[in-house]
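Participant: As they're listed, the protein sequences go chains A and G.
Residues 1 to 112 in our numbering are what the first sequence lists, from first letter to last.
Residues 1001 to 1111 in our numbering are what the second sequence lists, from first letter to last.
If you're looking for bench data, these hints aren't it; they were derived computationally from the structure.
Keep in mind it's a predicted model, so treat the numbers as computed, not measured.
Among the hints, a few may not be true.
What the hints assert, rightly or not - Cross-link-like lysine to aspartate or glutamate pairs, in silico, DMTMM-like; alpha carbons within 25 angstroms at most:
id: 1; chain 1: A; residue 1: Lys104; chain 2: G; residue 2: Glu1082
id: 2; chain 1: A; residue 1: Lys26; chain 2: G; residue 2: Glu1099
id: 3; chain 1: A; residue 1: Lys104; chain 2: G; residue 2: Glu1053
id: 4; chain 1: A; residue 1: Lys56; chain 2: G; residue 2: Glu1099
id: 5; chain 1: A; residue 1: Lys104; chain 2: G; residue 2: Glu1099
id: 6; chain 1: G; residue 1: Lys1009; chain 2: G; residue 2: Glu1075
id: 7; chain 1: G; residue 1: Lys1009; chain 2: G; residue 2: Glu1062
id: 8; chain 1: G; residue 1: Lys1057; chain 2: A; residue 2: Glu5
id: 9; chain 1: G; residue 1: Lys1057; chain 2: G; residue 2: Glu1075
id: 10; chain 1: A; residue 1: Lys26; chain 2: G; residue 2: Asp1040
id: 11; chain 1: A; residue 1: Lys56; chain 2: A; residue 2: Glu15
id: 12; chain 1: A; residue 1: Lys70; chain 2: G; residue 2: Glu1099
id: 13; chain 1: A; residue 1: Lys104; chain 2: G; residue 2: Asp1071
id: 14; chain 1: A; residue 1: Lys69; chain 2: G; residue 2: Glu1099
Stated by the list, open to error - Here are the computed distance ranges between Cβ atoms for each label pair:
id: 15; chain 1: A; residue 1: Ile111; chain 2: G; residue 2: Gly1084; range: 39 to 49 angstroms
id: 16; chain 1: G; residue 1: Arg1063; chain 2: A; residue 2: Thr20; range: 35 to 45 angstroms
id: 17; chain 1: G; residue 1: Arg1018; chain 2: A; residue 2: Ala112; range: 24 to 34 angstroms
id: 18; chain 1: A; residue 1: Leu75; chain 2: G; residue 2: Ser1080; range: 43 to 53 angstroms
Cβ coordinates follow ideal geometry from the N, Cα and C atoms, glycine included.
Chain by chain, the residues run as shown.
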Amino acid sequence: SQQGEEDPQALSIQEGENATMNCSYKTSINNLQWYRQNSGRGLVHLILIRSNEREKHSGRLRVTLDTSKKSSSLLITASRAADTASYFCAPSPNSGNTPLVFGKGTRLSVIA
Amino acid sequence: DSGVTQTPKHLITATGQRVTLRCSPRSGDLSVYWYQQSLDQGLQFLIQYYNGEERAKGNILERFSAQQFPDLHSELNLSSLELGDSALYFCATGGSHGELFFGEGSRLTVL
């Protein structure tokens, strides 16, 4: 299965702290994507990292990818209450037009 | 705003009934994906269409069907509804690198 598995299932931190979420997967990938979902809303694409990349940054987000370990991590620095959401990783076996399979996500709570 | 439009936003119906959910993709996107999200099952991929043709099938029940029309909008038909079909149904369309753009979903409540 190309489904990613996020860990931890839930994470609670104080505002201003960093939040780290991990993702493990089982198949070879072309890229791996991270999404955020606010409660009851649609998923929002955050960042895509290709299999030949090891690290990528976007604002307060930092994503790493270790294809030898089939794992990725998402770091949110200086978290804010607005970062409270569920975060999903989605390994993709090719560059497009393949359905993404989502796990149960990491539920992040940022306490003000 | 993802550019993907789903209607209706909320729908309440009774068991045994049939409903149709509609999705308008982003301009130029040929792929449409349907997902179901419930509390116990998480986010499940149902079906994908690409330029009017079915491309991939996931955990879609036989009571459910979908189609994509020439103007690329898509409809998901749910029939003989059961209590367990209550869920959020999302439509997503594909970007040029495989990323997905999700609509805000249709919340279905079956009573």
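Participant: Each of the hints needs a verdict: does it hold here or not?
Facilitator: Checked hints:
no. : hint                                       : in the structure
1   : A/Lys104 <-> G/Glu1082                     : holds, 23 angstroms
2   : A/Lys26 <-> G/Glu1099                      : holds, 20 angstroms
3   : A/Lys104 <-> G/Glu1053                     : violated, 29 angstroms
4   : A/Lys56 <-> G/Glu1099                      : holds, 16 angstroms
5   : A/Lys104 <-> G/Glu1099                     : holds, 18 angstroms
6   : G/Lys1009 <-> G/Glu1075                    : holds, 14 angstroms
7   : G/Lys1009 <-> G/Glu1062                    : holds, 24 angstroms
8   : G/Lys1057 <-> A/Glu5                       : holds, 21 angstroms
9   : G/Lys1057 <-> G/Glu1075                    : holds, 15 angstroms
10  : A/Lys26 <-> G/Asp1040                      : holds, 23 angstroms
11  : A/Lys56 <-> A/Glu15                        : holds, 23 angstroms
12  : A/Lys70 <-> G/Glu1099                      : holds, 20 angstroms
13  : A/Lys104 <-> G/Asp1071                     : violated, 33 angstroms
14  : A/Lys69 <-> G/Glu1099                      : holds, 23 angstroms
15  : A/Ile111 <-> G/Gly1084: 39 to 49 angstroms : violated, 34 angstroms
16  : G/Arg1063 <-> A/Thr20: 35 to 45 angstroms  : holds, 41 angstroms
17  : G/Arg1018 <-> A/Ala112: 24 to 34 angstroms : violated, 45 angstroms
18  : A/Leu75 <-> G/Ser1080: 43 to 53 angstroms  : holds, 46 angstroms
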